[in-house]
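Q: Let the sequences and hints guide you as you build the complete structure.
2 protein chains.
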Amino acid sequence: MRYAVLGTGDVGRTLAGKLVELGHEVTLGSRTKDNEAAVAWAGDAGPRAFHGTFEDSAAFGEVVVNAVGGRLALAVLRSAGEEHLDGKVILDVSNPMAFEDGEMRLSPVESDSVGEQIQRAFPRARVVKSLNTVNCALMVDPARVPGEHQIFVSGEDDGAKEQVTALLGEFGWPAHRVLDLGGIRTARAVEMYLPLWLALFQSTGTSEFNVEVRRAR
Amino acid sequence: MRYAVLGTGDVGRTLAGKLVELGHEVTLGSRTKDNEAAVAWAGDAGPRAFHGTFEDSAAFGEVVVNAVGGRLALAVLRSAGEEHLDGKVILDVSNPMAFEDGEMRLSPVESDSVGEQIQRAFPRARVVKSLNTVNCALMVDPARVPGEHQIFVSGEDDGAKEQVTALLGEFGWPAHRVLDLGGIRTARAVEMYLPLWLALFQSTGTSEFNVEVRRAR
Chain Y
15 MRYAVLGTGD VGRTLAGKLV ELGHEVTLGS RTKDNEAAVA WAGDAGPRAF HGTFEDSAAF
75 GEVVVNAVGG RLALAVLRSA GEEHLDGKVI LDVSNPMAFE DGEMRLSPVE SDSVGEQIQR
135 AFPRARVVKS LNTVNCALMV DPARVPGEHQ IFVSGEDDGA KEQVTALLGE FGWPAHRVLD
195 LGGIRTARAV EMYLPLWLAL FQSTGTSEFN VEVRRAR
Chain W
15 MRYAVLGTGD VGRTLAGKLV ELGHEVTLGS RTKDNEAAVA WAGDAGPRAF HGTFEDSAAF
75 GEVVVNAVGG RLALAVLRSA GEEHLDGKVI LDVSNPMAFE DGEMRLSPVE SDSVGEQIQR
135 AFPRARVVKS LNTVNCALMV DPARVPGEHQ IFVSGEDDGA KEQVTALLGE FGWPAHRVLD
195 LGGIRTARAV EMYLPLWLAL FQSTGTSEFN VEVRRAR
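In order, the protein sequences belong to chains Y and W.
If you read the first sequence in the numbering used here, its first letter stands for residue 15, the second for the next number, and so on.
If you read the second sequence in the numbering used here, its first letter stands for residue 15, the second for the next number, and so on.
Incorrect hints may appear among the rest.
Pairs count within a copy or across copies, as identical chains cannot be separated in the list.
[What the hints assert, rightly or not] Each computed SDA-like pair below joins lysine to any residue, with the alpha-carbon atoms no more than 25 Å apart:
id, residue 1, residue 2
1, Lys-102, Arg-45
2, Lys-102, Ala-189
3, Lys-47, Arg-228
4, Lys-47, Glu-69
5, Lys-32, Ala-230
Think of the hints as simulated: they come from the structure by calculation, not from any bench.
Since the structure is predicted, the reported quantities are computational estimates derived from the model, not experimental observations.
A: And the structure:
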């Protein structure tokens, strides 16, 4: 499969690297054609790894992964070109987090989410929110943490969620550990989990953790 | 120990009932002196169970449990009387949730929390946020769900958190499953978990669940 991964930070490079390792072709997208991190990544990652602008990347990919910060997502996807998103699965792994005066702030929050913003802005794309509840090392290697901890998917399109669930399986998340929360509105729920993620990170001192939902027998 | 439990809903009655069962004395508080639910509860729950106004209850309790909805908490605690809260532990188990036009809304959210509001309004009280991340049956009987799932505490006063941790132990939460998230500001984190709790409730069809934080080995 051909993937566009938008964003050259840790999250984008980790996802892109894993996808190449799995045998997929990836174009890592950035704002400029000659982004240093993207050039270096493509040089290291072998013959299935490419780099280009957000538009080059989205034109290339059959699936588009939004790995830029949630607050940048709409602008980046617009610059990728709506015509390169039509009908495609957009996997949104972002969180709309920023630090302002040393405090974490989410925006949008509560009455909206990045997942919903993207789906509204690109109604012919098939947006699936997932993976934003774990750090990027865990995204592609969940066995780093023991136990039957889970990952969530949110989206309007069942076929798109199935496709993402299959991809999550390639990353190491078996289907029974992929919890379908429902429509894209539930992206609010997983985005609003971030303050708890951050509090757990600060109290435990590690970012390598995840939650396992346990139910009554 | 003498407890004030403010609020005669499921949460208040469940907590009050468990406290009486554990050998404590409880005054269940409500807006009026002759609240039907409170009168019935005190009649059924035996000689250590009392009922009264919020003020009666708070005057009686050595520890005050806020079990009214988060949006009512400040008004209820004000009517209980600041002089009856001074120096006491206030265990806040509330969520600032309401349904508006069929949609869940949290207020305050993100830049504030009920836990912080209470601590600001009653600076001489020692506020601890806890238990708001599970349904009330689980609050007092965590063994209903298997596994090493945890409960969170947030607050400024370490002694108050120790006292609440001991109470959680009486409810069935061993100390190693009580995660101290830090100061009362982290009440935001556990209050903002509610949308995910609700999405999990809706997708799993049960309210008897909790999360177990799993860490890398």
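Q: Take the hints in turn and mark each one as holding or not.
A: Against the structure, the hints come out as follows:
no.: 1; hint: Lys-102 <-> Arg-45; in the structure: within (21 Å within a copy, 56 Å between copies)
no.: 2; hint: Lys-102 <-> Ala-189; in the structure: within (22 Å within a copy, 48 Å between copies)
no.: 3; hint: Lys-47 <-> Arg-228; in the structure: neither (46 Å within a copy, 40 Å between copies)
no.: 4; hint: Lys-47 <-> Glu-69; in the structure: within (10 Å within a copy, 68 Å between copies)
no.: 5; hint: Lys-32 <-> Ala-230; in the structure: between (36 Å within a copy, 20 Å between copies)
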